[in-house]
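Q: Residues per chain, in single letters:
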Amino acid sequence: TQLLEQSPQFLSIQEGENLTVYCNSSSVFSSLQWYRQEPGEGPVLLVTVVTGGEVKKLKRLTFQFGDARKDSSLHITAAQPGDTGLYLCAGARGTSYGKLTFGQGTILTVHP
Amino acid sequence: GAVVSQHPSWVICKSGTSVKIECRSLDFQATTMFWYRQFPKQSLMLMATSNEGSKATYEQGVEKDKFLINHASLTLSTLTVTSAHPEDSSFYICSAPRGGSNEKLFFGSGTQLSVL
Chain A
154 TQLLEQSPQF LSIQEGENLT VYCNSSSVFS SLQWYRQEPG EGPVLLVTVV TGGEVKKLKR
214 LTFQFGDARK DSSLHITAAQ PGDTGLYLCA GARGTSYGKL TFGQGTILTV HP
Chain B
14 GAVVSQHPSW VICKSGTSVK IECRSLDFQA TTMFWYRQFP KQSLMLMATS NEGSKATYEQ
74 GVEKDKFLIN HASLTLSTLT VTSAHPEDSS FYICSAPRGG SNEKLFFGSG TQLSVL
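Each protein sequence line maps, in turn, to chains A and B.
This note's numbering applies: residue 154 is where the first sequence begins, and numbers increase by one.
This note's numbering applies: residue 14 is where the second sequence begins, and numbers increase by one.
By construction, these hints were calculated from the structure, which means they are not laboratory data.
Here the structure is a predicted model, which is why all the values come from computation and not from measurement.
Yeah, the Cβ is synthetic: ideal placement off N, Cα and C, and Gly gets one too.
Misleading hints may appear alongside valid ones.
Think about it this way: if two alpha-carbon atoms lie no more than 20 Å apart in a straight line, the pair counts; the simulated DMTMM-like pairs of lysine to aspartate or glutamate are [said to hold, decoys possible]:
#1 A/Lys-223 <-> A/Glu-207
#2 A/Lys-252 <-> B/Glu-72
#3 B/Lys-54 <-> A/Glu-207
#4 B/Lys-54 <-> A/Glu-194
#5 A/Lys-210 <-> A/Glu-170
#6 B/Lys-33 <-> A/Glu-194
#7 A/Lys-223 <-> A/Glu-194
#8 A/Lys-223 <-> A/Glu-191
#9 B/Lys-77 <-> B/Asp-101
#10 B/Lys-54 <-> A/Glu-158
#11 B/Lys-117 <-> A/Glu-207
#12 B/Lys-117 <-> A/Glu-170
#13 B/Lys-77 <-> B/Glu-100
#14 B/Lys-54 <-> A/Asp-236
#15 A/Lys-252 <-> B/Glu-76
#16 A/Lys-252 <-> B/Glu-65
Sample of chain B residues facing chain A (criterion: CB under 8 Å; computed from the structure) [claimed, not checked]:
#17 Ser-56
#18 Leu-59
#19 Thr-62
#20 Gly-66
#21 Leu-118
#22 Phe-120
#23 Ser-122
#24 Gln-125
#25 Leu-129
Just chain A, with the same shape it has in the complex (with noise of 0.2 Å):
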C-alpha cells in the first residue's frame, strides 16, 4: 500500500506569514496535486506535479515535487485569511486516472 504521510495536520498562523506543508512516502508516484478543500465541498484542484525536481509556482504559493518522486511540498508566502481551508496532497498510481492516493490533509487556519 502507498501511503502519503502529510505533515502538519493542523497549522494556525497569523496574516503575513509564511508555512510550508509537506508529503512524504516510500514510495514513488507517477505524478503528484496538491488540492484545497473548503468545509462542505468537494477538493479544488490546485496543481499538477510529474516531473522529478519540478517546481511551479501559483501566485504565493510553491510547489515542488522531490527529485526522487517520492515527496513534495506546498510553501505559502506571506499567508491571507482567504487561504484557510484543508489542504490535501495526493498521488497517482501509475495510469490508474483517478485513483489517488491522498495524505491526511492540513487544516490551515490565517488569523487577520
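Guided by the hints, dock chain B onto chain A, whose structure is given.
A: Just chain B now, with coordinates in the frame of chain A:
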C-alpha cells in the same frame, strides 16, 4: 462552473433505509468515475472505481453489497448506500477525469449523509 455535479448535497435518513447519490459529468463523458468517503477533518479514502457498462471495482474493506454502484451512462454514476446505519454517516465525494489525465480530475461538491 462545476464540471462534475453531485446530488444531493446533503441527506438525512433513518437507519435501515437506502440512499442514492448521483454524480454527473456535465460537459464531458466519463467512462470511469471514482467514489471517495471522508470523515470530519480527515482525508479522502477511495471506496470504489465506477466503470461505465461494467462492474465497479471496490477497494479492500469496502462492502460491495453495502455500497452499490451503477454507471449506466457515460455521464452518470450512482452510489446507493443500502440499509444505512449511523456509522455510514459521512461525506461522500465523487470524481471524474476529463481528458484521461490526472491533471484534469474534477470532484463533485460532495454529499453529507447523516443516518439517524
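Q: Evaluate each hint against the coordinates.
A: Hints, one by one, checked against the model:
no.	hint	result
1	A/Lys-223 <-> A/Glu-207	holds, 12 Å
2	A/Lys-252 <-> B/Glu-72	holds, 10 Å
3	B/Lys-54 <-> A/Glu-207	violated, 29 Å
4	B/Lys-54 <-> A/Glu-194	holds, 13 Å
5	A/Lys-210 <-> A/Glu-170	holds, 18 Å
6	B/Lys-33 <-> A/Glu-194	holds, 18 Å
7	A/Lys-223 <-> A/Glu-194	violated, 28 Å
8	A/Lys-223 <-> A/Glu-191	violated, 26 Å
9	B/Lys-77 <-> B/Asp-101	holds, 14 Å
10	B/Lys-54 <-> A/Glu-158	holds, 15 Å
11	B/Lys-117 <-> A/Glu-207	holds, 18 Å
12	B/Lys-117 <-> A/Glu-170	violated, 31 Å
13	B/Lys-77 <-> B/Glu-100	holds, 16 Å
14	B/Lys-54 <-> A/Asp-236	holds, 17 Å
15	A/Lys-252 <-> B/Glu-76	holds, 18 Å
16	A/Lys-252 <-> B/Glu-65	holds, 16 Å
17	Ser-56	holds, 4 Å
18	Leu-59	holds, 6 Å
19	Thr-62	holds, 6 Å
20	Gly-66	violated, 17 Å
21	Leu-118	holds, 5 Å
22	Phe-120	holds, 3 Å
23	Ser-122	holds, 5 Å
24	Gln-125	holds, 7 Å
25	Leu-129	violated, 19 Å
Going down the numbered hints, you'll see the structure goes against 3, 7, 8, 12, 20, 25, while the others check out.
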